[in-house]
Every structure is written in C-alpha cells, then in structure tokens.
Amino acid sequence: MTTKGLQRSSRLSLFAWGVVPFAGLVIGSSALAAGESTSVWITRKDLSQALQQQGNVAFAADSSVGKNTIFVDETVTYQSMEGIGASLTDSSAWLLKYKLNAATQASVMTRLFDPINGIGVSWLRQPMGASDFSARGNYSYDDMPAGQRDDTNLSHFSIAPDEAYILPLVKQALGLNPHLKVMISPWSAPAWMKSSGSMNGGTLNTSAYGQFALYFAKTIQAYEAAGVPIYALTVQNEPLHQVPGYPTMYLSATDAANFIKYNLGPTLESHGLKTKILGYDHNWDQPGYMQTLYSDASSARYLAGSAWHFYGGDVSAMNDIHHQYPDKDVYFTEASSGTWLPNIFDANITNEIAIFRNWSKTYTDWNMVLDTQGGPTNGGCATCTAMVTVNQANGTVTYTPTYYAMGHISKFVTPGARRIASTGYAQGLHNVAFKNPDGSKSLIVYNQNGTSSTFAVKWGGSSLEYTLPATSIATFKWSGTQAGHTIIPASVRLYASAFQDAKGVRLENTTDAGGGKNVGFTSAGSYLLFKNVDLTNITTISARTANAGSATSLEFRADSASGPLLGTLQSNVTGGWQTWTTNSASITGASGVRDVYVVFRGSTNLNWVQFGSGAVPSNLVPNPGFESGGLSGWSGWHPASQATDVHQADTDTPRTGAYKLTHYSGSAYQQTTYQHVSVPNGTYRASVWVRSGGGQSNLRLEASNHGGNTTLYSVDLGSTASVSTWRQLTIDNIHVTSGTVTLGVYSNAAANNWAAFDDFSLTRQ
Numbered sequence: 005m006t007t008k009g010l011q012r013s014s015r016l017s018l019f020a021w022g023v024v025p026f027a028g029l030v031i032g033s034s035a036l037a038a039g040e041s042t043s044v045w046i047t048r049k050d051l052s053q054a055l056q057q058q059g060n061v062a063f064a065a066d067s068s069v070g071k072n073t074i075f076v077d078e079t080v081t082y083q084s085m086e087g088i089g090a091s092l093t094d095s096s097a098w099l100l101k102y103k104l105n106a107a108t109q110a111s112v113m114t115r116l117f118d119p120i121n122g123i124g125v126s127w128l129r130q131p132m133g134a135s136d137f138s139a140r141g142n143y144s145y146d147d148m149p150a151g152q153r154d155d156t157n158l159s160h161f162s163i164a165p166d167e168a169y170i171l172p173l174v175k176q177a178l179g180l181n182p183h184l185k186v187m188i189s190p191w192s193a194p195a196w197m198k199s200s201g202s203m204n205g206g207t208l209n210t211s212a213y214g215q216f217a218l219y220f221a222k223t224i225q226a227y228e229a230a231g232v233p234i235y236a237l238t239v240q241n242e243p244l245h246q247v248p249g250y251p252t253m254y255l256s257a258t259d260a261a262n263f264i265k266y267n268l269g270p271t272l273e274s275h276g277l278k279t280k281i282l283g284y285d286h287n288w289d290q291p292g293y294m295q296t297l298y299s300d301a302s303s304a305r306y307l308a309g310s311a312w313h314f315y316g317g318d319v320s321a322m323n324d325i326h327h328q329y330p331d332k333d334v335y336f337t338e339a340s341s342g343t344w345l346p347n348i349f350d351a352n353i354t355n356e357i358a359i360f361r362n363w364s365k366t367y368t369d370w371n372m373v374l375d376t377q378g379g380p381t382n383g384g385c386a387t388c389t390a391m392v393t394v395n396q397a398n399g400t401v402t403y404t405p406t407y408y409a410m411g412h413i414s415k416f417v418t419p420g421a422r423r424i425a426s427t428g429y430a431q432g433l434h435n436v437a438f439k440n441p442d443g444s445k446s447l448i449v450y451n452q453n454g455t456s457s458t459f460a461v462k463w464g465g466s467s468l469e470y471t472l473p474a475t476s477i478a479t480f481k482w483s484g485t486q487a488g489h490t491i492i493p494a495s496v497r498l499y500a501s502a503f504q505d506a507k508g509v510r511l512e513n514t515t516d517a518g519g520g521k522n523v524g525f526t527s528a529g530s531y532l533l534f535k536n537v538d539l540t541n542i543t544t545i546s547a548r549t550a551n552a553g554s555a556t557s558l559e560f561r562a563d564s565a566s567g568p569l570l571g572t573l574q575s576n577v578t579g580g581w582q583t584w585t586t587n588s589a590s591i592t593g594a595s596g597v598r599d600v601y602v603v604f605r606g607s608t609n610l611n612w613v614q615f616g617s618g619a620v621p622s623n624l625v626p627n628p629g630f631e632s633g634g635l636s637g638w639s640g641w642h643p644a645s646q647a648t649d650v651h652q653a654d655t656d657t658p659r660t661g662a663y664k665l666t667h668y669s670g671s672a673y674q675q676t677t678y679q680h681v682s683v684p685n686g687t688y689r690a691s692v693w694v695r696s697g698g699g700q701s702n703l704r705l706e707a708s709n710h711g712g713n714t715t716l717y718s719v720d721l722g723s724t725a726s727v728s729t730w731r732q733l734t735i736d737n738i739h740v741t742s743g744t745v746t747l748g749v750y751s752n753a754a755a756n757n758w759a760a761f762d763d764f765s766l767t768r769q
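First residue of the sequence shown: 5, per this note's numbering; consecutive thereafter.
There may be inaccurate statements among the hints.
In silico BS3-like pairs for lysine-lysine, Cα to Cα no more than 27 Å straight-line [to be verified]:
1. 278 x 365
2. 175 x 265
3. 280 x 185
4. 278 x 222
5. 278 x 175
6. 185 x 332
7. 101 x 265
8. 222 x 185
9. 185 x 278
10. 222 x 175
11. 185 x 175
12. 101 x 278
13. 101 x 280
14. 278 x 265
In case anyone wonders, no lab produced these hints; they're calculated from the structure.
With the sequences and hints as input, model every part of the structure.
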C-alpha cells in the first residue's frame with residue numbers, strides 16, 4: 005500500500021455515474037402503483053439509518069417522462085462479478101483473535117461474511133507474509149536462520165506463521181460464505197532473495213526468479229492443503245513503490261514480464277495449478293505497465309487480467325485497458341479509507357460505483373479491521389481506517405461508513421452477477437446496476453446532493469419513482485423479467501456523463517450551468533455510447549461544448565463508432581475548457597430505436613447533447629456578420645464626454661465572410677454597438693465571436709430590454725490579456741416577454757486598444 009495521504013490526486017472521472025436528468029422534475033410518492041415489488045435499503049451519511057430496510061416500492065406502467073430518470077436495461081450486460089471485500093491482514097486477524105472475546109469475534113465475522121445476517125463479503129486479498137499492517141512485524145514463508153542467505157530448494161518454507169490466527173479466520177469466513185474467493189499478493193519476497201537483504205525496499209535478484217516462482221507454487225499448495233483454495237494472485241503489490249520503512253519490492257514492467265513468462269507461468273503450469281495470474285497491482289496513473297506486460301505475447305498468455313489501486317491517476321485507466329485488451333479481465337485490488345478523506349462515506353461509495361462502471365470484476369478495500377489508532381502498523385500508513393474499528397481497551401467494535409458503503413453492494417450483488425446497463429452520473433446522482441445469477445436485479449443509487457432528490461427508474465416498459473434523502477445510499481432489489489429494451493425517449497437531454505459505455509474519456513467537475521460533471525480529455529476516436537435511443541422524427545442535434553484547443557467536430561453515428569453517420573456538429577474554440585457554448589446541426593437518416601455513438605474527432609469538453617425535430621434554429625439577427633459592408637441595422641452608444649462613436653465595419657481579418665466589426669480609438673473610449681431585434685416571446689440564446697489586443701476594462705456581450713428589468717451579460721473578457729484567436733461569448737436562457745430584445749457588445753478600453761466582433765447570433769432555445 006502506497007503511503008496514504010501523499011497520493012490523493014486520484015481522479016474518479018468517471019467516468020460513468022448517475023442519471024439522465026429531465027426538465028420539469030415531478031416530486032411524488034415513492035410508489036406509483038402495484039406491480040413488480042422492489043425492496044429498498046438506505047444508509048444516510050450520519051448513519052442514523054444504516055443499511056435499514058424501507059417499505060417496498062413497485063414498478064408500474066412507465067410514467068417517467070418529464071422526470072429525472074435512471075434507465076436500467078438488463079438485456080445489455082457487461083463484466084461478471086467475482087467478489088467484493090477487503091484484506092484480513094495480520095493486524096486485522098490479530099485484533100479479531102486476541103482483542104475480542106469469542107462472542108464478539110463471532111458476531112463480527114458473521115456481520116462481515118454472512119450473506120443473510122451480514123453484508124456477504126465475497127473476496128479476500130491476503131498478503132503473502134508481512135505487509136505494512138503486520139502486528140508481529142516482518143515475516144515471510146521462508147525466513148532463513150541468521151547468517152544464512154540461500155535456500156535454493158525452499159527447504160525452510162512454511163505457512164506456520166499464518167496458522168496461529170490468519171488461516172483459522174479465513175476458514176471461518178469460508179464457512180460463513182461458501183462463495184468467498186481468496187487471492188494472494190506479496191509485499192516482498194523473502195529477504196534472502198533480494199538486493200537489499202531485507203523485506204523493506206530493494207529489488208528481486210534475477211538469480212532468485214525461479215525460487216520466487218516456486219515460493220508462489222508452495223504457498224498455493226499449502227493454503228489449499230489447509231482448506232483454502234487460492235483463486236488468483238498478483239505478482240507484486242505496488243511494484244513501482246519501494247521504501248525502507250516497511251515491506252516493499254520494486255519490480256519493473258520488463259522484469260515482471262520476464263518473471264511471468266520464464267518462471268511464474270511455467271512453474272504454476274508444471275505444478276498443475278490453475279490460479280489466475282494478475283499483472284501490475286498498482287495505481288491508475290501508470291497504465292503503461294500493463295501495456296508492457298500485454299505487448300509481450302509470452303507473458304500475456306499467462307495473464308488473466310490486470311489489478312489496480314486508486315492512489316494515483318484516473319479510474320478511466322481501467323476502461324481504457326479493457327478496450328485495448330477486451331479479452332483480458334480487470335480487477336480492482338486496493339483502496340483504503342483514512343483520516344485524510346474529508347468525507348469517507350462519500351469517497352467510499354463514489355469510488356465503488358465508478359470502479360464497477362469501469363469494468364472491474366472486484367472491489368477490494370484494504371484492512372478489514374483496525375484499532376482506534378489505525379493500527380497495529382508495521383511502518384506504513386498511520387492514518388488509515390478500516391471497515392471495523394476495535395477498541396483494544398474494552399473489546400468493543402464499531403462498524404464504520406466503509407462497512408455500510410460496501411454492504412450496499414456486497415450484500416445484494418452475488419459472485420457471478422453481471423453488471424447491466426444503466427445511464428450514468430448526472431445532477432448529483434451516482435448509480436450502478438447488476439443482474440444476479442438468480443435473475444434478481446440490484447440498483448445502487450447514491451445521492452451526493454445536500455438536498456433530497458426525487459428520480460424515476462425505468463426498466464423495460466415500467467418505472468417507479470423514489471425520493472432519496474441528501475447524502476444517502478439506496479439499494480433497490482427486484483425480480484421479474486424485463487419486457488423488451490429500455491428505450492430512452494428522444495426528448496431527453498442526454499448528459500455526457502450519463503453514458504452507458506465510453507472509450508478514451510474522463511469525467512471532471514463542470515462550472516457550466518447546473519454544475520455536475522462534463523466529459524473531457526478526449527482525442528480523435530474517443531466516443532460515448534447511449535443505448536436504445538428513440539430517434540423517430542429526429543432532424544436536429546444540439547450540443548453544449550467547451551474548447552480551449554483547436555476547432556474540431558463531433559460525429560453522431562448509429563449502432564457503432566463507425567456506423568452510419570447521422571450528423572456532424574462543429575466544436576469551435578470557446579477560449580477555455582469551461583467556457584461553454586451551444587451549437588446545433590441537422591441530422592439525416594435518424595429513425596427508430598438506435599444505439600447512438602458520439603464520436604470525437606479531437607479534444608472537446610462535452611456537457612450534454614439533445615435531439616430535436618424541425619429545422620436547426622435560425623439566426624434572428626439581421627446583418628449578423630456586417631456583410632452589408634457597413635453597420636446597417638446597428639446603432640451605437642458612447643458617453644457624453646466622448647465626441648463620437650468609435651466603431652466601424654471593416655475588412656481586416658474577419659472570422660468569416662468579408663467584413664467584421666471593430667472598436668478602436670487613439671484615446672481611451674467606451675463603445676456599445678447594439679441592435680433591437682423583434683422576436684416572438686420565448687427563450688433565446690445569443691452569441692458573438694470576439695478577438696482583442698487587450699487593454700480593455702470591459703469586453704462583453706449584453707442582452708437587455710427583453711421584458712425583464714435585468715441586463716444579461718456574457719463572460720467579461722476585460723480582465724484578460726489579448727484574445728489572439730476568435731472566442732465565442734454566449735448568453736443562454738434569455739426569457740423574452742416583450743416581443744423584442746436588445747443585443748449588443750460593449751468595450752471599455754484604454755487608448756490604442758482594439759476589439760473585433762463577428763457572426764452575431766440569436767436563436768430560440
């Protein structure tokens with residue numbers, strides 16, 4: 005485990021959370037009518053309700069239109085689940101064995117592992133020997149007597165250190181949950197195999213590769229002889245992290261590939277062992293490690309998949325690896341909570357949801373049990389917390405937010421379940437959905453908002469409605485068979501963060517209206533997928549984009565990322581990755597229910613897309629680009645102290661066409677160029693493209709006299725340096741009630757400073 009608190013830059017993109025929001029949210033009762041009965045469990049952030057069952061709700065004929073809706077489709081499946089759990093470290097097992105009486109220990113084990121009377125933990129990641137949480141200090145399964153440095157045949161090998169309290173507890177866990185799987189990971193090879201001569205730091209001697217491979221085989225055989233099958237292993241815990249303070253061992257990707265193909269893989273094969281080999285077992289920020297392992301065909305053939313930690317990088321790394329190597333599985337093998345987290349409950353559940361939405365077959369927390377001081381430690385993290393806290397002074401236990409957050413998934417998602425399609429994050433709601441082997445469905449929803457949220461869940465042709473308290477998790481579980489696909493109506497505004505699958509994107513917080521998250525970090529070939537969108541009578545597409553790079557485009561394609569092209573929408577430079585504009589375009593060939601792929605042709609941030617019918621909104625501004633050769637239709641304002649207007653139409657480097665508008669004077673000046681535009685009452689969007697040489701106190705787009713008393717302003721570029729490339733300024737949601745709106749641009753500039761404007765637009769929203 006990497007030292008906690010030092011690598012908190014992990015970005016949960018996300019890449020994949022929540023709901024598709026609708027305008028006109030309807031608040032209502034939890035159950036709409038009798039139908040497929042759905043059980044509900046809730047946990048609040050303050051644990052005033054903790055995995056507490058609520059009254060059942062019911063699916064009924066779909067009434068989700070106009071509501072904030074999660075679309076769940078069990079006919080679309082993703083990865084199968086292998087387990088959810090943590091590590092019964094030496095420290096955890098020592099506390100359970102020696103600091104609790106028999107009754108309390110039995111109760112804790114039941115509440116952890118029993119699927120009925122507990123949360124059904126189904127996955128254990130066990131250190132092979134000492135880790136940074138070893139109550140007894142450093143040890144391996146082949147420690148040599150003092151002064152001896154070689155055990156070629158591993159004649160001193162023994163798992164006796166684990167037999168005192170670790171193995172008995174693992175076997176007890178297997179008795180409580182027969183579905184439990186166990187994986188093993190070394191924090192270090194035995195000291196005598198290493199360059200450092202210590203379990204702390206150093207590298208594996210190349211001369212010891214064969215012995216280390218045999219060490220794995222003997223561990224698997226010994227555990228299985230003791231009644232504990234080993235399902236999977238990783239080659240080395242956090243191979244890019246080595247410190248002198250606790251067991252660690254550096255192992256480069258190239259060295260790992262050589263060890264796997266020449267030693268570990270063949271050794272397990274020769275011993276008839278079927279244990280899965282997983283590569284890497286470290287942070288999201290170095291996906292190249294797995295690319296090195298997979299690009300070597302001789303090592304890749306032994307690898308079942310990759311293993312990941314969350315202490316650096318972005319969760320989307322797992323999604324990217326999945327799409328690059330779809331025949332290999334993805335496992336998440338370590339996350340720790342700790343006092344460095346301002347909101348452990350929030351971090352736990354958002355991590356878990358995001359990790360499953362990025363193709364992981366497992367979720368693994370770190371320590372299962374620690375004491376009130378975050379120990380016993382063996383030189384590592386001093387601020388970690390666990391699922392269960394033991395008070396050594398009085399032998400009592402506390403179940404932490406980590407326990408309850410995990411329980412909302414582990415109790416209701418059994419090994420062999422498959423993740424099923426659900427629309428992702430939007431408006432503060434995160435979710436993930438599964439179909440269990442018995443056919444039951446489990447939907448986990450987290451309301452991250454500070455207020456309650458009412459939403460609908462659409463499943464096939466049915467829906468239910470529920471109000472979830474602020475900062476609370478709900479698990480919904482139901483049976484039955486879905487009737488047909490779950491169709492997303494074309495009227496829905498599809499938030500980019502709500503994709504059901506994606507490639508080459510991340511999520512980030514947005515400053516656009518409504519907040520939430522946008523999709524970013526795209527490149528040519530990145531895409532988003534929305535399943536089963538009804539495109540009947542659709543003729544237009546609008547998208548909310550931000551672009552600080554270079555002009556590019558979005559393609560909307562049907563049924564695959566290279567399928568029939570429905571339409572192309574430009575993403576022009578807006579001047580910032582959080583400077584947003586709305587563009588529209590026509591689409592053709594849209595009909596029926598289709599899978600919609602939004603394919604990026606370059607770097608663009610995307611907040612939402614929305615389909616529509618009719619024509620692309622037309623520009624209502626006369627002479628918008630001054631192509632009349634003058635200021636026809638436009639008027640000017642300047643202060644009384646200024647002799648004249650200082651604006652003109654000219655031909656000096658327009659954005660489009662032959663003309664543009666320029667504000668300039670050899671003296672300090674203020675200038676407004678404006679036009680009264682008559683329009684039907686309604687809601688409008690105004691925009692203009694701007695360049696400047698800098699030196700303005702104010703430089704902005706304005707909308708006034710629209711029926712309200714407020715003048716609306718765009719972002720003001722007055723405090724910026726020169727705007728060297730054309731940048732679009734926009735004002736959304738201009739509510740016209742007077743049949744007219746005054747649209748203009750205002751400059752307040754120093755002497756000899758200029759501003760240029762082109763391509764004004766006013767369109768109905």
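The hints, checked one at a time:
Taking the CA atoms of residue 278 and residue 365, the gap is near 18 Å; set against the 27 Å cutoff, the hint holds. Taking the CA atoms of residue 175 and residue 265, the gap is near 32 Å; set against the 27 Å cutoff, the hint is violated. For the hint linking residue 280 to residue 185, the alpha-carbon distance of about 12 Å falls within 27 Å, and the restraint holds. Note on residue 278 and residue 222: the hinted pairing holds, with a Cα-Cα distance of about 13 Å set against a maximum of 27 Å.
Between residue 278 and residue 175 the CA atoms are separated by roughly 20 Å; this keeps the pair inside 27 Å, and the hint holds. Among the hinted pairs, residue 185 with residue 332 is consistent with the structure: their alpha-carbon atoms are about 19 Å apart, no more than 27 Å. As the CA atoms of residue 101 and residue 265 are separated by approximately 40 Å, the hinted pair breaks the 27 Å bound. For the given pair, residue 222 sits about 19 Å from residue 185 by alpha-carbon distance, which is consistent with the 27 Å threshold.
As the CA atoms of residue 185 and residue 278 are separated by approximately 14 Å, the hinted pair is consistent with the 27 Å bound. Of the supplied pair hints, the one linking residue 222 and residue 175 holds, its CA atoms being roughly 19 Å apart against a limit of 27 Å. Proposed proximity of residue 185 and residue 175 is supported: the alpha carbons are some 11 Å apart, at most 27 Å. Annotation: proposed proximity of residue 101 to residue 278 is violated, straight-line Cα distance about 32 Å (limit 27 Å).
For the hint pairing residue 101 with residue 280, the CA-to-CA distance comes to about 30 Å; that exceeds 27 Å, so the pair is violated. The suggested pairing of residue 278 with residue 265 holds, with an alpha-carbon distance near 15 Å, which does not exceed 27 Å.
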